[in-house]
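Novice: With the hints as your guide, set chain B onto chain A.
Protein chains: 2
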Amino acid sequence: MFEEKQETLIDGVKENDRDKIYGMIDNMYPIDIAIILEEFDDKSLLKFFSLIDDALMAEIIEQASEELQVRMIKLFDFKAIVSLFSYMSNDDIADILGNLPIQMRKDLLKMMKDGDTQQLQELLGYEEDSAGGIMTTEYIALKGDLTIGESLKKIKEIGPKTEVIETIFVLNKNKGLIGTADLRDILIAPEDKKLIDIMNDNVISVNPEEDQEKVSLLVSKYDLKAIPVINHKRSLLGIITVDDIIDVIIEEQTEDMLRLGGVSKEERVDSALTTSIKKRLPWLFINLGTAFLAAFTVGLFEDVIAQVVALAAAMPIVAGMGGNAGTQTLSVVIRSIALGEVSLKKNWKLVFKEIALGVINGATTGILTGIILYMKYGNPYLGLIIFAAMIGNLVIAGFFGFLIPLLLKVFGIDPALASAIFLTTATDVFGFFLFLGLAKMFLPLLM
Amino acid sequence: MFEEKQETLIDGVKENDRDKIYGMIDNMYPIDIAIILEEFDDKSLLKFFSLIDDALMAEIIEQASEELQVRMIKLFDFKAIVSLFSYMSNDDIADILGNLPIQMRKDLLKMMKDGDTQQLQELLGYEEDSAGGIMTTEYIALKGDLTIGESLKKIKEIGPKTEVIETIFVLNKNKGLIGTADLRDILIAPEDKKLIDIMNDNVISVNPEEDQEKVSLLVSKYDLKAIPVINHKRSLLGIITVDDIIDVIIEEQTEDMLRLGGVSKEERVDSALTTSIKKRLPWLFINLGTAFLAAFTVGLFEDVIAQVVALAAAMPIVAGMGGNAGTQTLSVVIRSIALGEVSLKKNWKLVFKEIALGVINGATTGILTGIILYMKYGNPYLGLIIFAAMIGNLVIAGFFGFLIPLLLKVFGIDPALASAIFLTTATDVFGFFLFLGLAKMFLPLLM
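Residue numbers (full-length UniProt numbering), protein chains in the order written: chain A, 1 to 447; chain B, 1 to 447.
No lab work stands behind these hints: they were computed from the structure. C-beta atoms are modelled at their ideal positions from N, C-alpha and C, and glycine is treated no differently. Fair warning: there could be bad hints in the mix.
Below, computed lysine-lysine pairings styled on DSS-like, alpha-carbon distance capped at 27 Å [claimed, not checked]:
hint : chain 1 : residue 1 : chain 2 : residue 2
1    : B       : K161      : A       : K153
2    : A       : K161      : B       : K278
3    : B       : K5        : A       : K349
4    : B       : K221      : B       : K193
5    : B       : K349      : A       : K221
6    : B       : K5        : A       : K346
7    : B       : K161      : A       : K5
8    : B       : K161      : A       : K194
9    : B       : K265      : A       : K265
10   : A       : K346      : B       : K156
11   : A       : K43       : A       : K20
12   : B       : K113      : B       : K79
13   : A       : K154      : B       : K106
14   : B       : K106      : B       : K79
15   : B       : K154      : A       : K161
16   : B       : K346      : A       : K5
17   : B       : K193      : B       : K156
18   : A       : K279      : B       : K113
19   : A       : K153      : B       : K156
20   : B       : K113      : A       : K265
21   : B       : K173      : B       : K156
22   : B       : K156      : A       : K345
23   : B       : K194      : A       : K221
Far from chain A, some chain B residues (derived; all Cβ distances over 12 Å) [unchecked claim]:
hint : residue
24   : N90
25   : K143
26   : R184
27   : L237
28   : A313
If we strip away everything but chain A, and leave its shape as in the complex, we get (with noise of 0.2 Å):
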């Protein structure tokens, strides 16, 4: 299906045939042409281009992943590219021009119009994912002095070109945001009712440094459609509407995802192979560190293990399952950390839980252990000695497991960029001393 159609689309182009491509895109949303254009070579793209108008192109080009705009960009004159701006909105041409070479944004940003150019300025001034870097400055501000009758006149004349007609904002005389109405109260209010009388006033907005998370986590809370971006003096800024959120929470939880794993956010699976070892090398030698330590603690032990050798076989199990418990804790409180529902100072009490977590499920899996390695070595004592270990290194899995995102979080670090390896170290090199400290504390009675 996906083949055929660009197939298709690739014999239009090779024939200069508007007609063939016409009749397969007319019926294709932008964002699936963009995703056919992505195998298209840089000849084919110019040649597209040529074949189709510039509003669609426009469409295509906003919907296009970052690369492909980078290319599209580079590859058209910049009087092109100035005639593509005109027809998308300032905040998808801000996200673009911050993905191309400084110098070529200073170039593009003097061909274009003043009016534009400066709200394109203070756009591209903020940070990228904060909510100054989503929003989108098309949206119906409306005096709430307006009747609702001059308010709808209003309304469908800005309409067509703005993003969110769904609630227009109402300000006071100094443009300050004072409220919010719903198209759908404004529909069926009499038409000699002023806007302030049917708004709401309790408005959720966020500035416009407010990291996007923290914005995403309130859209939603509240079930909203748009939160507006304000300063302090709060004059409206700009809006950031739900899809541009959903982008947001789909980015942010694969960042977590993919840091937990000890991957930078930005490798995906077709990623090139320089970018993939790039992301994850320096990550694996933070490991070697910890892998070293741990070793290191073994290494303290060798005169014990040489006298009773079932102890390096028995030994991962005690390691092992303190970092499987202490993943299961760190799993569970960095997902609530991401959606705001717990911090140290708030529940801190909570550590009790988890160390008698780590107690409950270290008793419970430790018995079972120590069975077996009874059974297999015929020495009891070997069995109390991992059971003692296990649940040792369990109660100390569920304590780093909950503390450490916790504290990483007061720090203003990513509790899912750190927390995983500062954890198996502990549970690894607590695991090894624990098990292997009581072996040569009760060595003659393993012997």
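Specialist: Relative to the frame of chain A, chain B by itself:
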């Protein structure tokens, strides 16, 4: 802040002070009130309910957590509940009913109006995590041959009672869905044009059986505000709104992240101790099986370790690094599967990239490891052996880290649920086997 509001509310309830309560909650969102009520005991809940009006109470219940919803519904008498339901939309009622004991659900349904009951029965018939399970039946659907003027009149009539008004669903004479019209376009179109002339006839829709995760991928890909649910006759059964889609995305992501960490999705940081034990212990036992497999592998080489005890200290490095590298691959692949970006059929060739990555990352970290071991134990062959074992185990990690989740997906098993356990088994067993096996082969060189 939160504590203050909570206390004021509790005081208001104690003192039977309606004014105090309303003074507090007038400027609050229902979700925030619901969060405060979480901490109320049954008596206070009942009293709070008696002091505020039904419409607000219904809104609060809609926003409350599942547990609180069930608690409240069980507290109230059936007549009060049916009266509360009259303020709610059918999909919210169905969600609440779905969480109640079956007998209670049946009794409540008997007390409701016949028309409602039928629709509710239908909604309750769908799987909770299917499109049918999350859709709402409150939308505006109009016949395509209505004029814009007539349509606007209808929208003003029905609008206040429905969830979504920014998208109007357009039907043919047989009530089949033939298109959607944006309210924005209706507002600006000439009064005498017909809906059918301005609608978009290329509608993205889903069947009621469709998995909610797939629905969320469609909504996010096409930036939809609502997606229609249709049956095989193209009759419109309901719509899914973007705020419910956000809940789905967050829910599915939480599930993936927790499952990957070895926890059932239902657990939260503040779940009861017994709940946490039930969610985590089974998984730990499965892991214990893996740990014993690894221990058994080591046990095969006890004679070798007895002769070269340094092997016991070095072997966790090989197994651990394999686990780390495999987890990196696993995270990237599982996330890509969740986002619908990758499948075994389409992308199996990428396994060669992961293998190459294993060789390169294994060689790089292996060299360093080999040198350090050589320096510590003074034996170059030990260094060479661990270098070779690291390459081997990181290749295995890449191979299994890539294939396991994609194979599980093919067999209809959630990759997030079971991938990690298979992967760790592979990297542990192969890691120990490779390293100790090589050591056994070259034992004379190591002594």
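Novice: With reference to the structure, classify each hint as holding or not holding.
Specialist: Verification of the supplied hints:
{"no.": "1", "hint": "B:K161 / A:K153", "verdict": "holds, 24 Å"}
{"no.": "2", "hint": "A:K161 / B:K278", "verdict": "violated, 55 Å"}
{"no.": "3", "hint": "B:K5 / A:K349", "verdict": "holds, 23 Å"}
{"no.": "4", "hint": "B:K221 / B:K193", "verdict": "violated, 31 Å"}
{"no.": "5", "hint": "B:K349 / A:K221", "verdict": "violated, 42 Å"}
{"no.": "6", "hint": "B:K5 / A:K346", "verdict": "holds, 17 Å"}
{"no.": "7", "hint": "B:K161 / A:K5", "verdict": "violated, 42 Å"}
{"no.": "8", "hint": "B:K161 / A:K194", "verdict": "holds, 22 Å"}
{"no.": "9", "hint": "B:K265 / A:K265", "verdict": "holds, 23 Å"}
{"no.": "10", "hint": "A:K346 / B:K156", "verdict": "violated, 47 Å"}
{"no.": "11", "hint": "A:K43 / A:K20", "verdict": "holds, 18 Å"}
{"no.": "12", "hint": "B:K113 / B:K79", "verdict": "holds, 12 Å"}
{"no.": "13", "hint": "A:K154 / B:K106", "verdict": "violated, 51 Å"}
{"no.": "14", "hint": "B:K106 / B:K79", "verdict": "holds, 14 Å"}
{"no.": "15", "hint": "B:K154 / A:K161", "verdict": "holds, 25 Å"}
{"no.": "16", "hint": "B:K346 / A:K5", "verdict": "holds, 17 Å"}
{"no.": "17", "hint": "B:K193 / B:K156", "verdict": "holds, 18 Å"}
{"no.": "18", "hint": "A:K279 / B:K113", "verdict": "violated, 60 Å"}
{"no.": "19", "hint": "A:K153 / B:K156", "verdict": "holds, 16 Å"}
{"no.": "20", "hint": "B:K113 / A:K265", "verdict": "violated, 52 Å"}
{"no.": "21", "hint": "B:K173 / B:K156", "verdict": "holds, 22 Å"}
{"no.": "22", "hint": "B:K156 / A:K345", "verdict": "violated, 49 Å"}
{"no.": "23", "hint": "B:K194 / A:K221", "verdict": "violated, 38 Å"}
{"no.": "24", "hint": "N90", "verdict": "holds, 17 Å"}
{"no.": "25", "hint": "K143", "verdict": "holds, 20 Å"}
{"no.": "26", "hint": "R184", "verdict": "violated, 5 Å"}
{"no.": "27", "hint": "L237", "verdict": "holds, 22 Å"}
{"no.": "28", "hint": "A313", "verdict": "violated, 4 Å"}
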